[in-house]
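Colleague: Here is what each chain is made of, one letter per residue.
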Amino acid sequence: MSQDITKQRYTDGKPNLRRFHQARWDEPIIFELSRAGQRGILVPEVEEEIRNVVGDVLAALPETMRRKQPPKLPELSQPQVLRHYVRLSQETLGTDLNIDVGQGTCTMKYSPKVNDQLARMPQMTELHPLQDEETVQGILEVIYRFEQILKEISGMERFSLQPGAGSAAIYTNASIIRASHEARGEAGQRDEIITTIFSHPSNAACAKTAGFKVITLYPDEDGYPDLEALKAAVSERTAGLMITNPEDTGIFNPRIEEFVKVVHEAGGLCAYDQANANGILGITKASDAGFDLCHFNLHKTFSSPHGCGGPAVGAVGVTQELARFLPLPVIEFDGQRYHLNYDRPESIGKIGPFYGVAPVVVRAYAWVMSLGAEGLREVAEIAVLNNNYLLKRMSEIPGVSAPYAKGKRRIEQIRYSWKALSEETGVHSEEIGLRVADFGVHYWTSHHPWIVPEPCTLEPTESYSKDELDEYAAILAHVAEEAHTNPELVKTAPHNSTIHTIDHTPLDDPSEWAMTWRAYLRKVRKEAN
Amino acid sequence: MNKQKPTAYPYIPNSVPAVKEQMLKEIGAESPQGFFEDIPEKLRLKEKMKLPKTLLSEYALKRHLEGILEKNKTCREYLSFLGAGCYQHHVPAVCDEVNQRGEFLTAYAGEPYDDHGRFQALFEYASMMGELLNMDVVNVPTYDGFQAAATSIRMASRITGRREVLISRTISADKLSKIRDYCKPEIEIKLIGYDFETGQLDLHALKAEISSETAAVYLENPSYLGFVETRGDEIARIAHDHGAICIVGVDPISLGILTPPAEYGADIVCGDIQPLGMHVQFGGGQAGFIATQDEERYVMEYPSRLFGIAPTSVEGEYGFGDVAYERTSFAVRERGKEWVGTAAALWGITAGVYLALMGPQGMVEIGEGIMSRSRYAMLEIDKIKGVKAPLFQAPHFKEFVVNFDGTGKTVAEINKALLMRGIFGGKDLTREFPELGRSALYCVTEVHSKDDVDRLVNALKEVI
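Protein chains in written order, with the numbering used here: chain A, 1 to 529; chain B, 1001 to 1464.
What the hints contain is simulated information worked out from the structure, not anything from laboratory work. Just so it is clear, the structure is predicted and the values come from calculations on it, not from any experiment. A virtual CB, placed ideally from N, CA and C, is assigned to each residue, including glycine. Careful: at least some of the hints might be erroneous.
[Said to hold, decoys possible] Examples of chain A residues toward chain B, derived with CB under 10 angstroms:
1. G13
2. L76
3. A165
4. N253
5. D288
6. A493
Here chain A stands alone, though its shape is the one from the complex:
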């Protein structure tokens, strides 16, 4: 071969951007693949002896309770079902595939494959939650051991792993705060929860759902939550503070201890949303700042895969004083055996069925065991190093800025702003994000409201190499340049994705929206069900 192929892959010593194109199977809706009579799986036949004894069991049902027509499910053979779903999987950009630093706040880190293997052992998957405790000592041990680990990481006294993800944990904390004030006879009086605008929306929404009024603090000029505003907000009505730190800006609130003190002095409790804990593992503990409650997302910080949005675990940790309110049951260890303790009269009760998503706990436990104290600190340091390195690369791109805390270091993520670029070119952050997808990576703006104009939130975690961070920054630099040279190209993106620009109008129009295929057939194709 005379031609050196590698040469054409680099310009000025740097790798060219990928000529990416996502899978585009143009896959039909599964109902369109249906042909009458096809079967995807056969179910075990009822044995003749049973049939002879029981006869026609359906005859026992009254007419009103007997389904008249089989459900109109699609009829497919097994290989068709498999191909359909594997195609759809190929049209989904999992973290396993991409430099997933663009889904800021989500902590898209590597989920080790060995942990998946362990979570799929039959000694995990084939356990019924109501088995005799003697037969589930192994899984109870894993959950108990992991609780001890979280206690050391946070400084809290007890944990519950029952909540089904971060928001469920935030809700659990709100419910515990409510129960605690009830126990003190202050239930009617303390009806306000204070949070910050750069804390996850669920801090506000869960507090509201739990019956509280919500007070939201905005950042001061430096991007820190406003301490004076907090002092003005607290009163004898304050039930608690629910706050993230570092917030989604990646700025650590250095006055956090004072925040906690102000709320405590007013008689409120403080809950620490540790969704952003990845950059502070082994650096600082929730208990040191005086928090009463906290939560971790095991599917974020502790590496369990995100699963398209769950299953997950939101681990709730509390002080000794609040431990009596934790969901039922808690796991105890008497030195010999593990058991589930339901004898807790002041508990808020059940948050979900059973004990939470055990295979997620198995993965999280395995992840910590593979890293240890040194490794967890390495995770935090590299996540922060990566973030500040990416900040350096981003600062070389004209038109983007990192608002607030000028010249300061950030923890594990940053909410950038494309305000300047947008003013110059008319291209918006969301459009940049869709163009970025043409190069095989994600990009997330932020939760509404957009306090930071034209936002873009990047969180590099510890899982990406220097070269990969360079590649992500090079994609953004390229798209920013396109915004100047060819804004239409950016505005009409994506071009290399699975599909093209979606017309969102039917999704907000009750006469047209269709959340199921049957609704679509009825409303758009005017077919009777």
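Keeping the supplied structure of chain A fixed, place chain B upon it in accordance with the hints.
Modeller: Showing chain B alone in chain A's frame:
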């Protein structure tokens, strides 16, 4: 040497010292410590955390975890008749194959472009559930059936503007605990009794309790105690006559043969999809669904994501997106409906695969097969002296109450003895339903053969 720190961590690319140094240099920082300068000295850990000894090699880690997990005894090694909200059904291989795909397993919150497949798979899940339920709107899964029930009740309260909900007393104590906690600020829960002979909801009590304050009547069918509520239509009518909403919790795997609640008047249907392709996994396979008809006043009260189908700029291309996103807490924080976040999406995709594999005929056959086996088990167990099965005179689906009052033994004693014989007996109901005496809730599904049931019956005979 007890090594606690390697030269480079396999999961952390930039842990290589030379790379770290180069990056620090480019940033103009001396060490990573400087990045934490905003964290007050007082709050910074002075010592290393006290965590267990690190298992640096993958092999050592695997051996450690296997060693712990192998202490468990599984429902494969033991013959299990446990249900009560978590069910042993056959999990088709293709379900596992699809939910183990790294693309799905590790995806999260991408756009409907780069994550088109995730959107389509969840739209199709909702569409197939819609056929099973005969309803037009199904949410992207919430955490579990408990949350689905609690949210359905709060939706009903918002829709009607009323603050009282009537619930059948045969609900599980755990689910009721969840509902009470979740509804506490807004809704008063009142329990309606049941007929001790048949298990059926007491319609006289329902009529006496229902009023213009009632937001909803919530019942389950099949009930938590396994029997079928045969008068769902009458209950729905009573609810509607008083301007209340009828909510029915349902086991989706029963719907190949049982009437979908919407057909007897349910306005909101909810439940748990764990039976549709999820392993029992110690209760980690639960995921909740909520379904309604396509009416704006219902749709706008869902807190969950709802994925809808939409055209794109290319003719004939399917696109998907969030329906009425502005109702969610993602969009408007505390002004949204309850809250939304990560929940159990992968199990939704898996349940879609399950329904696609089963098809209409599969769902009919599995329903009938389960009912036949559980009926056989009831008949055989009932023959044992001092034992009554089922306790309630009513049709049952896969679960049934077995009463041991005539044996002189407690359920705990019986279950211990069964355990010695390699059998997990039914869930002890003695504390949850003291009025039922010494009773246990047994579950029989398509995974149980005649031999399995006969083995249980013989063991019970020995034990009693």
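Colleague: Given A/A165 as an interface hint, is its Cβ closer than 10 angstroms to any Cβ of chain B?
Modeller: 4 angstroms, holds
Colleague: Hint check: is the beta carbon of A/N253 less than 10 angstroms from a beta carbon of chain B?
Modeller: Status holds, d = 8 angstroms.
Colleague: Does the CB of A/G13 sit less than 10 angstroms away from some CB of chain B?
Modeller: With a closest approach of 16 angstroms, the A/G13 hint is violated.
Colleague: Restraint: A/L76 near chain B, CB-CB cut 10 angstroms. Satisfied or not?
Modeller: Cβ of A/L76 sits 6 angstroms from chain B, so the hint holds.
Colleague: Just to be careful: measuring from the Cβ of A/A493 to every Cβ in chain B, is the smallest value less than 10 angstroms?
Modeller: It holds, given that the least Cβ distance between A/A493 and chain B is near 9 angstroms, below 10 angstroms.
Colleague: Classify the hint on A/D288 as holds or violated, based on whether any CB of chain B lies nearer than 10 angstroms to its CB.
Modeller: 5 angstroms, holds
In the structure shown, a violation is registered for the earlier hint numbered 1 alone.
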